[in-house]
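J.: Sequence:
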Amino acid sequence: MTNDSYLLPSGLPRIESMQMRDIVKRFPGVLANDHVNFDVNAGEIHALLGENGAGKSTLMKVLYGLYQPEEGEILLNGQVADIQSPTDAIDDGIGMIHQHFMLVDNLTVAQNVALGLKSSKGKGFVLDLDVVTARIEELADKYGLYVDPDVIINRLSVGERQRVEIIKALYRGAALLILDEPTAVLTPQEVDEIFKIFRNMAAEGHALIFISHKLDEIFALTDRVTVLRDGRVVGDVLTADVTKNELANMMVGREVLMERRREPMPVGEVRLKLEDVNAVNDREQPILRHVSFAVRSGEILGVAGVSGNGQRALAEVIAGLQPVSAGRVEMDGRDVTNLSPSDMFEAGLSYIPEERMHDGVIKNFNVAENLVLQDHQFPPYSKGIFLNFGTIDSHADEMIREFDIKTPSKDTAVKNLSGGNIQKLILARELDRQPRFLIAAQPTRGVDIGATEYIHAQLLKQRAEGLATLLISEDLDEVMAMSDRIMVLFGGEIMGIVNSDEVTVEQLGLMMAGEKAEEVFAA
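Quick note: the sequence shown uses the working numbering, first residue 1, plus one each step.
Careful: at least some of the hints might be erroneous.
Lysine-lysine pairs mimicking DSS-like chemistry, simulated, CA-CA at most 25 Å apart [what the hints assert, rightly or not]:
id, residue 1, residue 2
1, K516, K273
2, K410, K61
3, K196, K142
4, K410, K363
Please keep in mind that the hints were generated in silico from the structure rather than gathered at the bench.
This one's a predicted model, so the numbers in the text were calculated from it and none came from an experiment.
Full structure from sequences and hints, please.
T.: Structure (structure tokens):
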């Protein structure tokens, strides 16, 4: 292809078409991709949608050379491509933007882009950074990806780091880009900016594959949607010709209630109160600054913010896992500052932790054992030093049934359950304690639509029964739908606490970027 009309702004050839034909990929006991057909064309943004375990990641890893299929073939511009590794994929013009950035924080933008590149002057991996910088500036200008090549990565915002990842892929000649949950850690304003860049890239002739679980984003950005379920394609439709509910139903194979109605209801007494709470990390750096708020019975207080702005520290301070350096924490009017986790649980706290596999379960223990963690030493689950296994087993049967935990058996090791069912197990255990206050940290992260629907229903049911809940989530749609009020954290400091029915996504985004609520609402 030498005609200029076939060249991208990067000066490299377009991939006019990519086709995956009858892809089959097996793992022990699992048919991950079952004769999957998928394609994307130059100038198109094609969404790949499906629940966890549907086969999306496997299919893209086949395209990127991380996996080899047992059957099927990949065609680029009508020719069979032999992609045995990511190096082959990159050489063929395929790039991948990962959900978690692959950047070295203490290196510059130019140094990060140069990592792994070979010199064109026969000097192995020794590159002329001036040449790299010039090329970065050229790509940034042509694609609107403005970033300083000489700045250290840890000084960049999350949105700017995303641009660096895209520049890295373009520098290596990407004509087709796989975008794996690219908005997961961005503010709404940063999402708008990155979508403009993606649209411009498509308009210039790039082919884009967009993987996301956020249906609103799929409708805002994409031209076409392919839906996978249980390793098979169950739908390939134009985005304009389908509704959100239809896509959700395709994903799970049944009717899904997309938005639960949060009925207005009166709140009761203050259950949790923080007064001027400060906390520092192990390097004595502030992670919470002068945090003050209260949560009442029958209320869900949502906590919004870009990842790493104090959300985890807040949850751990309340749960007794992180010491308070100054200030006061109260539950039901009682000073519980710096109590141990076990004392906090006895005071009526339940906690759904952010890292469910690390902090929420013991993965080699079975379902029944995990359902009584922290309660196993108390009656009726024990008598003296002996466990009452009959009671533990009958309790597990009840919880599995009541919370619809999909497991082969109560004796199955938790590590063998899906993410959604592990989260249901944790939810069942924490709510079974009949807590007075619940911390739900990222309760639906990485779980499918069906499990999300169930978890939301349970949280709203508990709200109606008077439970006070702190809902910490990076999913703004979830925070706005579930919360009575929303608190925004930035740099460990509260930017504002607002009624969820009186704030827009854009206003929350400004607060997530560091503007105080009074400044946002005065504008």
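J.: For each hint, tell me whether it holds in the structure or not.
T.: Here is how each hint holds up against the structure:
Of the pairs offered as hints, the one joining K516 and K273 holds, with about 21 Å between alpha carbons and a cut-off of 25 Å not exceeded. For a cut-off of 25 Å, the pair hint linking K410 to K61 is broken: about 33 Å separates their Cα positions. As the CA atoms of K196 and K142 are separated by approximately 13 Å, the hinted pair is consistent with the 25 Å bound. For the hint pairing K410 with K363, the CA-to-CA distance comes to about 13 Å; that is within 25 Å, so the pair holds.
Checked against the numbered hints above, the structure violates only hint 2.
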